[in-house]
Amino acid sequence: MTTATAAPATGGTPPRGPRRSVLATLLGRQPLGIAMAAPYALFLAAVFAYPLGLAVWISFHDYFFAAPGAAIDRPFVGLDNYTAVLSDPGVRRSFLNVLVFLVINVPLTVVLSLLLATALNGAIRGRTFLRVSYYVPYVTASVAVVAVWLFLFSRGGFVNELLGPLAPDPSWLGNSKLAMPLIALFVTWKQLGFFILLYLAALQGVPKELYESASMDGAGKFQSLRNVTIPGVRPATTLVVILSTITGANLFTEPYLLTNGGGPNGASTSPVFVMYQRGIEQGNPDVAAAIGVLLVIGVLFISLVNKRLLERG
Amino acid sequence: MAQAVSTHASVADASAPRAADDQPRSRSWPRILVLVIGAAVFLFPFYYMLIGSLQSEPDTSLSGVVPTGGFTLDNYVDINKRVDLLRSLVNSGIFTGGVILFTVVLGVLAGYALARLHFRGGGTLFAVMLLVQVVPFQLLIIPLYVMIVRSYGLADSYLGMILPFAINSTAVFIFRQFFLQLPEDLFSAARIDGASELRILWSIALPLVKPALLTAVLVTFIGPWNEFLWPFLITKEADLQPLAVSLANYISNVAGRAANPYGAALAGACVLAAPAVALFVAFQRHFKASDIGSGVKG
Chain S
8 MTTATAAPAT GGTPPRGPRR SVLATLLGRQ PLGIAMAAPY ALFLAAVFAY
58 PLGLAVWISF HDYFFAAPGA AIDRPFVGLD NYTAVLSDPG VRRSFLNVLV
108 FLVINVPLTV VLSLLLATAL NGAIRGRTFL RVSYYVPYVT ASVAVVAVWL
158 FLFSRGGFVN ELLGPLAPDP SWLGNSKLAM PLIALFVTWK QLGFFILLYL
208 AALQGVPKEL YESASMDGAG KFQSLRNVTI PGVRPATTLV VILSTITGAN
258 LFTEPYLLTN GGGPNGASTS PVFVMYQRGI EQGNPDVAAA IGVLLVIGVL
308 FISLVNKRLL ERG
Chain G
567 MAQAVSTHAS VADASAPRAA DDQPRSRSWP RILVLVIGAA VFLFPFYYML
617 IGSLQSEPDT SLSGVVPTGG FTLDNYVDIN KRVDLLRSLV NSGIFTGGVI
667 LFTVVLGVLA GYALARLHFR GGGTLFAVML LVQVVPFQLL IIPLYVMIVR
717 SYGLADSYLG MILPFAINST AVFIFRQFFL QLPEDLFSAA RIDGASELRI
767 LWSIALPLVK PALLTAVLVT FIGPWNEFLW PFLITKEADL QPLAVSLANY
817 ISNVAGRAAN PYGAALAGAC VLAAPAVALF VAFQRHFKAS DIGSGVKG
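Here the protein sequences come in this chain order: S and G. So the mapping is simple: the working numbering equals the position in the first sequence, first residue as 1, plus 7. So the mapping is simple: the working numbering equals the position in the second sequence, first residue as 1, plus 566.
Here chain S stands alone, though its shape is the one from the complex:
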């Protein structure tokens, strides 16, 4: 029946007159699509494209908050905001901190999520339970899990009790060498479930015959992981690296709550946290916008380099 009704459909679609075909070349074959996509596109322009442009504009001007409607002169200042940002030791510190974060977080995320996804792939008893327990941290609010990490890693907390004499002094979050690595560990733990899901999806696309022929060639578990799985999920790895880099660049809640505002002594500040301090607390949105622009350039650069390296290697 479907074939019967579908057959004349192809005959009915071609444009009937010259007027219609002009319209079709101008608006596309089904111009209703424009109307249906328009609300989304308008929102995209209003809450994404325009603010993006505004951020860049603000970063090149002497911008300050003013009462709505007030006509004020906001002179163009060229790269002044950028030089102010780059000569600010607090900002430089925050970018360095996020680099430390990424160096720990990204490789750990890739290795652990691939390992757990490989182990989880295939038929095992309790698979659903395991899968759900892996993404529970991902679906829970940072604010909620921060509360329990604060408790676990406090001076007399469970982790230090467990470590006994090995407990670090000063304790984890008060230790300028350990605060940022612990935040990196926290975010790895929290986001891992999502990346495991990504790898699980990618593993479905690796042909089973490859594993079979690998094991027939006498390849062990480790060798087939290296020669079949890792090349097979390379596009997913690129995605995981880029997404975890973006997550790292967005770091705010953890330094704000876990280390009480980027402490100790700025050892765990992040660029977004400094944006909040400079821009909204201290009322310098122009400087904060410049930090944001530099941050995005940094993220795009790291993403491109990673994409190149991963796709070549």
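Rather than coming from a laboratory, the hints here were simulated on the basis of the structure. Even for Gly, the Cβ is constructed at its ideal location relative to N, Cα and C. Keep in mind that the hints are not guaranteed to be accurate.
To be verified - Straight-line Cα separation of at most 27 Å, DSSO-like style, residue types lysine-lysine; simulated pairs: (1) S:228 x S:215; (2) S:314 x G:854; (3) S:215 x G:854; (4) G:647 x G:854.
Unchecked claim - Now the stretches of chain S that chain G is said to cover, found in silico as 3 or more residues with beta-carbon under 8 Å: (5) 154-162; (6) 296-308.
Claimed, not checked - Interface residues of chain G toward chain S, partial, derived using beta-carbon atoms under 7 Å: (7) 634; (8) 683; (9) 685; (10) 702; (11) 706; (12) 743; (13) 794; (14) 795; (15) 839; (16) 846.
Following the hints, position chain G against chain S.
Leaving out everything else, chain G in the frame of chain S:
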């Protein structure tokens, strides 16, 4: 193709019956160990959160992991005195509900148009959506703050909270993917019968992509329910703050002075975590690799 694979597999089985016998056992022990350690690491903090919220005195000793008694709900009463839990939950609900409504309505329309209709600008829109995925939201906080708080005076309002999250390109990708998978015959048949495009979407396509709808709602839910930075920036009135914000304020300001600071914070954390965890456990079938994968890969 499928046949070739199965014969290949049976040949492998026949030629190496011993290897096939040995493999599952030698392979599964380290595998199960890895998985169980993983699950313990993921779940232990949640278990600790729950028992910590139920004890009047924080017990951080090793034996305290398995408490034998002394359970109390005092911490919940305590946090409720400092943070209006019900009010905050309602605020979280309105914020999340509003975002989901916008995301689903705008996303279904755009996803359908991108998947099923040929129109000028479709390709451009798709490219811009990919770009949205790589620009960190945090870059936009300063201009959005300027716009929403300073220009439009939407500070301390639900609309101000919701608007920046009204579009979600992951949801559009999910809808587009599901609409693409429907057979073309279905649409041409309905068009022949004279059904309008909106009618096709509403009574034919939508009922067929219900699973996608649920997946998109789940994926969207996590964002606003857990979001801290944006509502924190634009709400100064405690009456309008979602739970994530009011709990964070409690943790950073008040906690040091409370009788059992951790207990009350953990009680609040449990209240904030419970709806999200319950939802994802109940609907775990709809939050799977394939669904999310299709969404992210576009």
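Status of the hint placing residue 743 (chain G) at chain S (closest C-beta pair under 7 Å): 12 Å, violated
Are residue 839 (chain G) and chain S close enough, Cβ to Cβ, to be under 7 Å, as the hint says? Check passed: Cβ of residue 839 (chain G) comes within 4 Å of chain S, closer than 7 Å.
Any CB of chain S closer than 7 Å to the CB of residue 685 (chain G)? Holds. Min distance 3 Å.
Could you grab the alpha-carbon distance between residue 228 (chain S) and residue 215 (chain S) and see if it respects the 27 Å cut-off? At roughly 14 Å apart (the allowed maximum being 27 Å), residue 215 (chain S) and residue 228 (chain S) satisfy the hint.
Can you take a look at whether the stretch 296-308 of chain S is actually covered by chain G? Rule is 3+ residues, C-beta closer than 8 Å. Three-residue rule met by the stretch 296-308 of chain S, so holds; n is 7.
At a threshold of 7 Å, is the proposed contact between residue 794 (chain G) and chain S supported by beta-carbon distances? Status holds, d = 5 Å.
Given residue 683 (chain G) as an interface hint, is its Cβ closer than 7 Å to any Cβ of chain S? 3 Å, holds
Taking 8 Å as the C-beta cutoff, is the stated coverage of the stretch 154-162 of chain S by chain G satisfied by three or more residues? Three-residue rule met by the stretch 154-162 of chain S, so holds; n is 7.
Per-residue hint verdict: residue 702 (chain G), partner chain S, C-beta under 7 Å: Status holds, d = 5 Å.
Let's test the interface hint: is any C-beta of chain S closer than 7 Å to that of residue 634 (chain G)? 17 Å, violated
Against the 27 Å threshold, does the CA-CA distance of residue 314 (chain S) and residue 854 (chain G) hold or violate the hint? The given pair, whose Cα atoms are some 26 Å apart, holds under the 27 Å limit.
Given residue 706 (chain G) was flagged as interface, is its beta-carbon under 7 Å from a beta-carbon of chain S? 5 Å, holds
Checked against the numbered hints above, the structure breaks hints 4, 7, 12 and satisfies the rest.
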